[in-house]
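Protein chains in written order, with my numbering: chain A, 3 to 740; chain B, 111 to 467.
Calculated directly from the structure, the hints in this document are not laboratory data. No experiment lies behind these values; they were computed from the predicted model shown.
Ranges of calculated distance between the beta carbons of each label pair, as one might list FRET restraints:
(1) 567/A to 181/B: 37 to 45 Å
(2) 177/B to 336/A: 43 to 51 Å
(3) 348/A to 181/B: 54 to 62 Å
(4) 185/A to 352/B: 57 to 65 Å
(5) 435/A to 186/B: 46 to 54 Å
(6) 348/A to 285/B: 27 to 35 Å
(7) 336/A to 252/B: 25 to 33 Å
(8) 301/B to 564/A: 49 to 57 Å
(9) 375/B to 348/A: 54 to 62 Å
(10) 90/A to 181/B: 17 to 25 Å
(11) 545/A to 226/B: 25 to 33 Å
Ideal Cβ placement from N, Cα and C applies to all residues, glycine included.
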Amino acid sequence: MTVANTKTTRPVLIFWIVAGWVGYCLLPWYMVDDGLWSFKWLVDGYPFDDDYAPAAFLIGQGVKLWLAPILIPLAMPLLVIGRPKSDPLYARILIISGALGFSWLIAQGFSIGIRGFNYDWLKLLFGEPRIRQFGMGYGAMISASAFLFLLTQGIAARGAINGDVFVVSAIGGVITIVTAFVFYPIANMLFSAFITEDGAYSISVFAAKFFDDRLWGLGCLAGARCGAAWNSLFLAIFVGVITTALGLCFALVVTRSGFRYKRTIRALTVLPVITPPFVIGLALILLFGLSGSVTVFFADLFGIQPTRWLYGMPGILIAQTLAFTPIAFLVLIGVVEGVSPSMEEAAQTLRANRWQTFRTVSLPLMRPGLANAFLLGFIESMADFGNPLVLGGNFDVLSTEIFFAIVGAQYDQGRAAVLAMVLLFFTLSAFYAQRAWLGKKSYTTVTGKGDAGVHPLMPVGLSLPVMIIALTWALFTAVVYAMIVYGSVVELWGVNNTLTFKHYVTAFSLRIEEEGIRWTGAAWDSFWTTLSIAAIAAPLTAAVGLVTAYLLTRQSFAGKNAFEFGTMLSFAIPGTVIGVSYILAFNVPPIEITGTGVILVVSFIFRNMPVGVRAGIASMSQLDKSLDESSLTLGANSWQTFRRVILPLLRPAILAALVYSFVRAMTAISAVIFLVSAKYDMATSYIIGRVENNDYGLAIAYSTTLIFVMLSAVGLLQLIVGRVQIGRRSQLSVKDAS
Amino acid sequence: MSEPTISSKAATVRFDGVSKLFGKDVVAVDNIDLHVAAGKLVTLLGPSGCGKTTTLRMIAGLEMASSGRILIGDRDVTKLPATDRDVSMVFQSYALFPHMSVLENVMYGLTFSGFAKDEARTRALKGLDLVGLKGFDTRLPSELSGGQQQRVAVARALVLEPQVLLFDEPLSNLDAKLRRQVREDIRAIQQDLGLTVVYVTHDQEEALAVSDEIVVMRNAAIAQIGTPRQLYDTPNDRFVADFIGEANLLECQITDVSGDTATIEIAGHRHQLPSRGLTSGPATLAVRPSRILINEASGIPATVDKATYVGVRMEYTLTGGFGQVFAVQDDVDEPIAPGTEVKMTFAQKGPVLLPGE
Numbered sequence: 003m004t005v006a007n008t009k010t011t012r013p014v015l016i017f018w019i020v021a022g023w024v025g026y027c028l029l030p031w032y033m034v035d036d037g038l039w040s041f042k043w044l045v046d047g048y049p050f051d052d053d054y055a056p057a058a059f060l061i062g063q064g065v066k067l068w069l070a071p072i073l074i075p076l077a078m079p080l081l082v083i084g085r086p087k088s089d090p091l092y093a094r095i096l097i098i099s100g101a102l103g104f105s106w107l108i109a110q111g112f113s114i115g116i117r118g119f120n121y122d123w124l125k126l127l128f129g130e131p132r133i134r135q136f137g138m139g140y141g142a143m144i145s146a147s148a149f150l151f152l153l154t155q156g157i158a159a160r161g162a163i164n165g166d167v168f169v170v171s172a173i174g175g176v177i178t179i180v181t182a183f184v185f186y187p188i189a190n191m192l193f194s195a196f197i198t199e200d201g202a203y204s205i206s207v208f209a210a211k212f213f214d215d216r217l218w219g220l221g222c223l224a225g226a227r228c229g230a231a232w233n234s235l236f237l238a239i240f241v242g243v244i245t246t247a248l249g250l251c252f253a254l255v256v257t258r259s260g261f262r263y264k265r266t267i268r269a270l271t272v273l274p275v276i277t278p279p280f281v282i283g284l285a286l287i288l289l290f291g292l293s294g295s296v297t298v299f300f301a302d303l304f305g306i307q308p309t310r311w312l313y314g315m316p317g318i319l320i321a322q323t324l325a326f327t328p329i330a331f332l333v334l335i336g337v338v339e340g341v342s343p344s345m346e347e348a349a350q351t352l353r354a355n356r357w358q359t360f361r362t363v364s365l366p367l368m369r370p371g372l373a374n375a376f377l378l379g380f381i382e383s384m385a386d387f388g389n390p391l392v393l394g395g396n397f398d399v400l401s402t403e404i405f406f407a408i409v410g411a412q413y414d415q416g417r418a419a420v421l422a423m424v425l426l427f428f429t430l431s432a433f434y435a436q437r438a439w440l441g442k443k444s445y446t447t448v449t450g451k452g453d454a455g456v457h458p459l460m461p462v463g464l465s466l467p468v469m470i471i472a473l474t475w476a477l478f479t480a481v482v483y484a485m486i487v488y489g490s491v492v493e494l495w496g497v498n499n500t501l502t503f504k505h506y507v508t509a510f511s512l513r514i515e516e517e518g519i520r521w522t523g524a525a526w527d528s529f530w531t532t533l534s535i536a537a538i539a540a541p542l543t544a545a546v547g548l549v550t551a552y553l554l555t556r557q558s559f560a561g562k563n564a565f566e567f568g569t570m571l572s573f574a575i576p577g578t579v580i581g582v583s584y585i586l587a588f589n590v591p592p593i594e595i596t597g598t599g600v601i602l603v604v605s606f607i608f609r610n611m612p613v614g615v616r617a618g619i620a621s622m623s624q625l626d627k628s629l630d631e632s633s634l635t636l637g638a639n640s641w642q643t644f645r646r647v648i649l650p651l652l653r654p655a656i657l658a659a660l661v662y663s664f665v666r667a668m669t670a671i672s673a674v675i676f677l678v679s680a681k682y683d684m685a686t687s688y689i690i691g692r693v694e695n696n697d698y699g700l701a702i703a704y705s706t707t708l709i710f711v712m713l714s715a716v717g718l719l720q721l722i723v724g725r726v727q728i729g730r731r732s733q734l735s736v737k738d739a740s
Numbered sequence: 111m112s113e114p115t116i117s118s119k120a121a122t123v124r125f126d127g128v129s130k131l132f133g134k135d136v137v138a139v140d141n142i143d144l145h146v147a148a149g150k151l152v153t154l155l156g157p158s159g160c161g162k163t164t165t166l167r168m169i170a171g172l173e174m175a176s177s178g179r180i181l182i183g184d185r186d187v188t189k190l191p192a193t194d195r196d197v198s199m200v201f202q203s204y205a206l207f208p209h210m211s212v213l214e215n216v217m218y219g220l221t222f223s224g225f226a227k228d229e230a231r232t233r234a235l236k237g238l239d240l241v242g243l244k245g246f247d248t249r250l251p252s253e254l255s256g257g258q259q260q261r262v263a264v265a266r267a268l269v270l271e272p273q274v275l276l277f278d279e280p281l282s283n284l285d286a287k288l289r290r291q292v293r294e295d296i297r298a299i300q301q302d303l304g305l306t307v308v309y310v311t312h313d314q315e316e317a318l319a320v321s322d323e324i325v326v327m328r329n330a331a332i333a334q335i336g337t338p339r340q341l342y343d344t345p346n347d348r349f350v351a352d353f354i355g356e357a358n359l360l361e362c363q364i365t366d367v368s369g370d371t372a373t374i375e376i377a378g379h380r381h382q383l384p385s386r387g388l389t390s391g392p393a394t395l396a397v398r399p400s401r402i403l404i405n406e407a408s409g410i411p412a413t414v415d416k417a418t419y420v421g422v423r424m425e426y427t428l429t430g431g432f433g434q435v436f437a438v439q440d441d442v443d444e445p446i447a448p449g450t451e452v453k454m455t456f457a458q459k460g461p462v463l464l465p466g467e
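Given the sequences, and given the hints that come with them, work out the whole structure.
Pasting the structure below:
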């Protein structure tokens, strides 16, 4: 063995020391206005112009002197070069310099904003000099990362996680970005609920907004209107119950009946993935709206006046049930299949008939799964923004109220924050209940041992109503989706029913001219923005998700449970809450990204991260841990093991995470609608804009296009993943070690 | 460059008072001292949960000792992670990387040891040659039989020329016939190359067959260390006697000790054997089933309770004033019928005295 035991040069350490200096001396310290990928600054006064100057040049010119102390922690790590890792000074110096540099950067970032000092006591202490600074740019970001990773290397050198630099750095990195982009904005938003108009903190402001009648009023019991909180809660409970019941029907049909077209039914599960949330609402308007086909048909038949019954609770309920039943279905397929057939067979050999078996064994074993499906439906309904926006009418729910508090005439940040807190309380309670209570109670018995049994068929008395309900609902879903396609080629719905491609032409026309293609359609701008933002966000989401999953399944460290809870938390935070908290937190330094494409990318990464984490955990727990261990004993370090053994084996999971985060980024609306700007408009928010202008034709044509784009993305994934898996998985079974 | 050959850099392994705790109060390994000489094959043997696998994983660096010192050669490796130890391991499940070919698997460790690609390749092929898998280099692990996968795992560990080579129950996933073959191959390679090998198993026959020395473990501690012969012939206590091969444990009285010879009395019958430092009083007599002689002219009266024909021999269960014993006899042609009254004695060599309860 030649090299393995005597690693004296540590390229990682050198890299981060150099990165720190490069960030400080060479790159523009502050955010460059022209965008992340514009390099205009290079020829526009760099490095002496204040806007583009690196920190070192700023200090050289005598401005922003509070950046000078950073030189100390930048210089300190130079002392450790050449020292052995076991030297106690090595760890101590790295920890001190990393912690010092990182905390100084944060402290100065929060203390000095666009209008000088952010805190009164600082003004008292230092007077009110004419100082100000903008959001962190390349330089500041890279220096901050350098300090962070010097700190983690110091911690590793002290012996944490067996001195594993890669693992400690990964933990530090994930904690930092989750703190910065999930916990910080949420905490910031919660505080802003207590801020009065003149900027002081006050409980009474919060109380006034919290006990508002528009939030908690119970007028609907007496025929008037109820508060948004109650509306959301009732709606979510209804949706949870109905979707769970329908999902169970579908799952039973697929797993325990002789129905011949099971595969078609299974295909339902792909629908919520590819459908932008509000599209169902649009289709319902085409059917049941004031000039909807069904409404008009019955109005003509019975000579009654068409009503607006759809707008409000009934419409939202139908739309959400349509949208979320497939999710419950997906969960419950696993649950229903997970009940071990041998239990049911045992019951039958003990002289229970089919109905008794179902009632006394199968159903009780499914109970935790049913509760899980209910809570998912509950959370989804609470968080749903698109359908209430399209169909809400006078029925206020929390997610739309938050939106109107921010963008409406009543602009009231405090109220938005209070509403967001209430919404967050509901979803987090459900999330917590799901984890704390259901986590330990799963009866699904997938043991890895071959289970030779077959699920018994449903008893006849049950199968008939279940079949009827499931098939009716499936037919209804099919009609709704057909309406979406049909609606996109109708001139003007309900008024002029001639077929036309007019809407597609308006949205997606292009002209081929001498200098190339001219994208003249109205939708192209937002379409390309959406594609590129989703394409940038997808690999980052997958990367963050998989690294997190690796840490959760393969490493043990103090605080791992809290770490897991924190990373999965963003699943329970409704998009509207994320949206509000982001614009509140990130339109001022030190992280000033409102109105850029970056904020969209960041919001997608943290909204969709749990998808990547779940995919990663699911497939990593199928890889026997001895694979990692043998790689380690063969002399690879944990980073090399991750890259050469784990990543290649996870290729299907990576692809899935990529495609799903891409597709989810394309269909997202709730957070996006707060974060788009004139320059970066997304497809979904553009469509909502069309709907608000009653331009249904274009909106539906655009939605249809999106659905087909995403359908092909998912189809492509199935094709590729199907290929990758062939013949490569035989050795991955977990064998028990004594 | 001369043709590289696989040689050995065998080193000693030493444990000084090593303990391993999982959580706060689960003691997996309790304060053990151990010395493995260079070039020897030492087996860690014991029932499930005795701490043998944990001990092995501490040598590998996959578990870190909670206290004590571990030395490989002269180097203190107690705090060193697996990556930085010059040790390689053959896993129970083989842990071949399913996405790499056989050759890539064997080259894997070499590329991290600073070998140029060509040399790594030559060495890997040499290793495959050594385990008899010439020509299999482009196959995927999933295209090999269990025994072949096993040999790839051995080659992958061997080519690194580790100071210590570890085996974690390497035969447990093979069928019975293949086991004998593979264990002989492992032993042959170990002796040819002079490797230091630490080997974990719960199969005492396997341990007896391959080891220079066996470490019997029980309840996180070492029960006895010795050569296979020593453990079989002179176990220290009832646990070892019973665990290494089968033994009948009979209560007896030492009536007289003169020099190194003790006279014992059991159910009225007298027998002389080495005293092993015991003095007069109650003791335990351990007798292997094959060392019980039945149908003698004189001896302890006993009744044949069960007689079972297992092909190569007869197995008998006898009862009498001493309790119950299990005996085997090579004579299958004239079996003794159950119910027969017989006289039973012990062979001159074989039975050993153990301290009483």
